[in-house]
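Chains A and B are the protein sequences, given in the same order. Each residue of the first sequence is one higher than the one before, starting from 1 at the first, in my numbering. Each residue of the second sequence is one higher than the one before, starting from 1 at the first, in my numbering.
If you are wondering where the hints come from, they were derived from the structure by calculation, not from laboratory data. Please note that the accuracy of each hint is not assured.
[Unchecked claim] No farther apart than 20 Å at their CA atoms in a straight line, the calculated lysine to any residue pairs in the SDA-like style are these:
| hint | chain 1 | residue 1 | chain 2 | residue 2 |
| --- | --- | --- | --- | --- |
| 1 | A | Lys70 | A | Val89 |
| 2 | A | Lys3 | B | Lys78 |
| 3 | B | Lys104 | A | Thr27 |
| 4 | B | Lys104 | A | Phe54 |
| 5 | A | Lys38 | A | Ile60 |
| 6 | A | Lys38 | B | Lys78 |
| 7 | A | Lys38 | B | Phe106 |
| 8 | B | Lys104 | A | Lys114 |
| 9 | B | Lys104 | A | Asn52 |
| 10 | B | Lys24 | A | Ile60 |
| 11 | A | Lys114 | A | Val85 |
| 12 | B | Lys78 | B | His10 |
One letter stands for each residue in the lines below.
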Amino acid sequence: AQKVTQAQTEISVVEKEDVTLDCVYETRDTTYYLFWYKQPPSGELVFLIRRNSFDEQNEISGRYSWNFQKSTSSFNFTITASQVVDSAVYFCALSERFTGGGNKLTFGTGTQLKVEL
Amino acid sequence: DAGVIQSPRHEVTEMGQEVTLRCKPISGHDYLFWYRQTMMRGLELLIYFNNNVPIDDSGMPEDRFSAKMPNASFSTLKIQPSEPRDSAVYFCASSPRPVGTNEKLFFGSGTQLSVL
Numbered sequence: 001a002q003k004v005t006q007a008q009t010e011i012s013v014v015e016k017e018d019v020t021l022d023c024v025y026e027t028r029d030t031t032y033y034l035f036w037y038k039q040p041p042s043g044e045l046v047f048l049i050r051r052n053s054f055d056e057q058n059e060i061s062g063r064y065s066w067n068f069q070k071s072t073s074s075f076n077f078t079i080t081a082s083q084v085v086d087s088a089v090y091f092c093a094l095s096e097r098f099t100g101g102g103n104k105l106t107f108g109t110g111t112q113l114k115v116e117l
Numbered sequence: 001d002a003g004v005i006q007s008p009r010h011e012v013t014e015m016g017q018e019v020t021l022r023c024k025p026i027s028g029h030d031y032l033f034w035y036r037q038t039m040m041r042g043l044e045l046l047i048y049f050n051n052n053v054p055i056d057d058s059g060m061p062e063d064r065f066s067a068k069m070p071n072a073s074f075s076t077l078k079i080q081p082s083e084p085r086d087s088a089v090y091f092c093a094s095s096p097r098p099v100g101t102n103e104k105l106f107f108g109s110g111t112q113l114s115v116l
């Protein structure tokens with residue numbers, strides 16, 4: 001079975017610090033997709049990014065950046081100049097094929113990020 | 001678009017009672033997922049529908065859990081009888097295509113269930 005590991009349970013930083021959230025995955029599929037979701041204190045799950053297994057280019061979106069490395073099976077997420085509003089639980093997820101067709105997402109256990117003033 | 005709508009937002013019930021959680025997916029989305037979130041196990045997929053048909057229910061914890069999708073715009077997750085260990089946040093999500101096709105899941109706001 002496929003697996004996603006987020007070893008960091010909780011991270012605390014001071015505002016304006018950079019922070020990197022780690023994600024390591026395991027899969028036997030040659031084609032797969034990786035995702036990051038944010039869950040703010042209000043509880044909803046907000047999509048941040050998806051990446052397919054053939055695209056190892058790093059991506060930057062404002063203060064967010066993602067580093068995908070197939071060689072180490074990692075898909076890490078960096079927030080630059082963190083802000084209090086970034087405080088949330090962040091989930092990494094991996095697509096997985098169903099035997100009946102279609103796909104599902106397997107989630108990591110999440111990293112709680114706390115950004116303090 | 002209203003997004004995925006779940007109700008109720010919060011549910012408190014006593015052990016042994018029947019609980020029904022409801023979900024309205026985004027119009028036009030053929031795939032519907034029920035997830036459960038707990039501190040211990042994180043986000044777990046319970047069941048997944050494609051065009052109203054259950055495809056994989058291997059994540060349903062036990063026979064006390066059942067899910068239906070009578071039409072494209074409505075799904076229910078029922079727990080009967082409920083137990084304290086069922087306390088969790090239950091999320092419904094939908095997708096227009098399989099997530100493996102680079103499609104993402106659109107999540108509802110979740111139902112916080114507390115079984116006393």
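Check: Keeping to a limit of 20 Å between CA atoms, is the pair of Lys78 of chain B and His10 of chain B held or broken?
Finding: Holds, at about 15 Å.
Next item on the list: For the pair supplied as a hint, Lys38 of chain A and Lys78 of chain B, confirm whether the alpha-carbon distance does not exceed 20 Å.
Entry: violated, 27 Å
Check: Holds or violated: are the alpha carbons of Lys104 of chain B and Thr27 of chain A at most 20 Å from each other?
Finding: holds, 19 Å
Next item on the list: Compare the distance between the alpha carbons of Lys114 of chain A and Val85 of chain A with 20 Å, and conclude whether the hinted pair is satisfied.
Entry: This hinted pair holds, its Cα atoms lying about 9 Å apart.
Check: Has the given pair, Lys104 of chain B with Lys114 of chain A, been kept, meaning a C-alpha gap of at most 20 Å?
Finding: violated, 26 Å
Notebook entry, point to check: Is the hinted pair Lys38 of chain A and Phe106 of chain B satisfied, with a Cα-Cα distance of at most 20 Å?
Noted result: OK: Lys38 of chain A and Phe106 of chain B at ~12 Å, within 20 Å.
Check: Is Lys104 of chain B close enough to Asn52 of chain A, meaning Cα to Cα at most 20 Å?
Finding: Holds, because 12 Å separates the two Cα atoms, which is no more than 20 Å.
Note to self: Between the alpha carbons of Lys104 of chain B and Phe54 of chain A, is the straight-line distance 20 Å or under?
What the structure shows: With a Cα-Cα distance of about 17 Å, the restraint between Lys104 of chain B and Phe54 of chain A holds, given a limit of 20 Å.
Note to self: Please verify whether Lys3 of chain A and Lys78 of chain B have alpha carbons no more than 20 Å apart.
What the structure shows: violated, 28 Å
Item checked: 20 Å limit on alpha-carbon distance, applied to hinted pair Lys70 of chain A and Val89 of chain A -> violated, 24 Å
Checklist line | Satisfaction of hint between Ile60 of chain A and Lys38 of chain A, Cα-Cα up to 20 Å | finding: Judged against 20 Å, a Cα distance of about 16 Å means the pair holds.
Check: CA of Lys24 of chain B to CA of Ile60 of chain A, is that 20 Å or under?
Finding: violated, 34 Å
When the structure is compared with the earlier hints, violations turn up for hints 1, 2, 6, 8, 10 and for no others.
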